[in-house]
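Residue numbers (this note's numbering), protein chains in the order written: chain A, 4 to 118; chain B, 1457 to 1567.
Just to be clear, a hint being listed does not mean it is correct.
Okay, derived cross-link-like pairs now, BS3-like style, lysine-lysine, Cα gap no bigger than 30 Å in a straight line [said to hold, decoys possible]:
(1) B:K1459 - A:K41
(2) A:K21 - A:K43
(3) B:K1559 - A:K43
(4) A:K41 - B:K1554
(5) B:K1559 - A:K41
(6) A:K25 - A:K43
(7) B:K1554 - B:K1459
(8) B:K1525 - A:K43
(9) B:K1559 - A:K12
(10) A:K41 - A:K25
(11) B:K1459 - A:K21
(12) A:K22 - B:K1459
(13) A:K25 - B:K1525
(14) A:K12 - A:K44
(15) A:K56 - B:K1525
(16) A:K43 - B:K1459
(17) A:K44 - A:K21
(18) B:K1559 - A:K25
(19) A:K22 - A:K56
(20) B:K1554 - A:K25
(21) A:K22 - B:K1525
(22) B:K1554 - A:K22
(23) A:K43 - A:K22
(24) B:K1525 - A:K12
(25) A:K44 - A:K25
(26) B:K1525 - A:K21
(27) A:K44 - A:K22
(28) B:K1459 - B:K1525
(29) A:K12 - A:K22
(30) A:K12 - A:K41
(31) A:K44 - B:K1554
Just the calculated beta-carbon pair ranges, DEER-fashion [said to hold, decoys possible]:
(32) B:T1535 - A:K25: 43 to 49 Å
(33) A:E99 - B:P1496: 42 to 48 Å
(34) A:L57 - B:E1472: 44 to 50 Å
(35) A:H13 - B:H1475: 22 to 28 Å
(36) B:S1509 - A:P86: 45 to 51 Å
(37) B:H1475 - A:Y54: 36 to 42 Å
(38) B:M1466 - A:M30: 21 to 27 Å
(39) B:E1501 - A:S58: 46 to 52 Å
(40) A:K21 - B:N1513: 38 to 44 Å
Keep in mind the hints are simulated off the structure, nothing from the lab. We put the CB at the ideal spot given by N, CA and C, even for glycine.
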Amino acid sequence: DTEVTQTPKHLVMGMTNKKSLKCEQHMGHRAMYWYKQKAKKPPELMFVYSYEKLSINESVPSRFSPECPNSSLLNLHLHALQPEDSALYLCASSQEGPSAVYGYTFGSGTRLTVV
Amino acid sequence: DAKTTQPNSMESNEEEPVHLPCNHSTISGTDYIHWYRQLPSQGPEYVIHGLTSNVNNRMASLAIAEDRKSSTLILHRATLRDAAVYYCILRDPGANSKLTFGKGITLSVRP
Chain A
4 DTEVTQTPKH LVMGMTNKKS LKCEQHMGHR AMYWYKQKAK KPPELMFVYS
54 YEKLSINESV PSRFSPECPN SSLLNLHLHA LQPEDSALYL CASSQEGPSA
104 VYGYTFGSGT RLTVV
Chain B
1457 DAKTTQPNSM ESNEEEPVHL PCNHSTISGT DYIHWYRQLP SQGPEYVIHG
1507 LTSNVNNRMA SLAIAEDRKS STLILHRATL RDAAVYYCIL RDPGANSKLT
1557 FGKGITLSVR P
């Protein structure tokens, strides 16, 4: 298995809703990442997990809450989002931590719309 | 991370080679040069990376200048499926090295 699987592929949520994005990989990678991508813009790093511990938080608002239950799973819990949070949310993974020696494998993303 | 400069866009013809340039004049001696591409409606895809020597894989070749201040991603025979945004990214080898995307270059392939 050489894929990163993200679910759901599309999500529409109201500003008062609570929802979660899920990401799964079975490549034995020990680093996992969340990125946010607005239309026509490059992806922006949000969070980095290394060996199931949060190692980087790029000053992301607390309405986004990441969780890494085990080495294969990464969740992003969403609460009280704003319409400007509508974007493509991408998950990625890499071997042995966020080292420059390894490439990242990305999922296809969850297209989130906040109404 | 050090900065890279890429043209905004480039056009090529199908089945011809494509050379995508990237300037990184402030690269440090230990920075790796990574290339990713993003096809429409998909997540980014790792293409290739290198440090000093030229690199080849099944997708592309990476030619790195001797002074490492520039590099070129080479697609040997462009196909319509290669139309994408290509990102050239420098990464330091530190424990918390980040993959930070710039604007990238949009490659269009003409049939």
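Hinted pair K56 (chain A) and K1525 (chain B), Cα distance within 30 Å: violated (35 Å)
Restraint check for K1459 (chain B) with K21 (chain A), where alpha carbons must lie at most 30 Å apart: violated (38 Å)
CB-CB spacing for K25 (chain A) and T1535 (chain B) relative to the 43 to 49 Å hint: This hint is violated: roughly 33 Å between Cβ atoms.
M1466 (chain B) versus M30 (chain A) beta-carbon gap, inside 21 to 27 Å or not: violated (32 Å)
Given pair status - K1525 (chain B), K1459 (chain B), alpha carbons within 30 Å: Cα-Cα ~11 Å, so holds.
Pair hint K22 (chain A) and K1525 (chain B), alpha-carbon separation not exceeding 30 Å: Judged against 30 Å, a Cα distance of about 45 Å means the pair is violated.
Hint consistency between K44 (chain A) and K1554 (chain B) [alpha-carbon to alpha-carbon, up to 30 Å]: holds (18 Å)
Range agreement (Cβ of S58 (chain A) with Cβ of E1501 (chain B), hint 46 to 52 Å): violated (24 Å)
Proposed proximity, K25 (chain A) with K41 (chain A) (alpha carbon, max 30 Å): Within the cut-off at roughly 19 Å; holds.
Straight-line alpha-carbon gap K43 (chain A) to K22 (chain A), limit 30 Å: Measuring from Cα to Cα gives roughly 25 Å; hence the hint holds.
Pairwise hint evaluation, K1554 (chain B) against K41 (chain A), where the allowed Cα distance is 30 Å at most: Distance of about 19 Å is within 30 Å: holds.
Pair hint K1559 (chain B) and K12 (chain A), alpha-carbon separation not exceeding 30 Å: holds (25 Å)
This entry does not satisfy hints 11, 12, 13, 15, 21, 24, 26, 32, 33, 35, 38, 39, going by the numbered hints stated previously.
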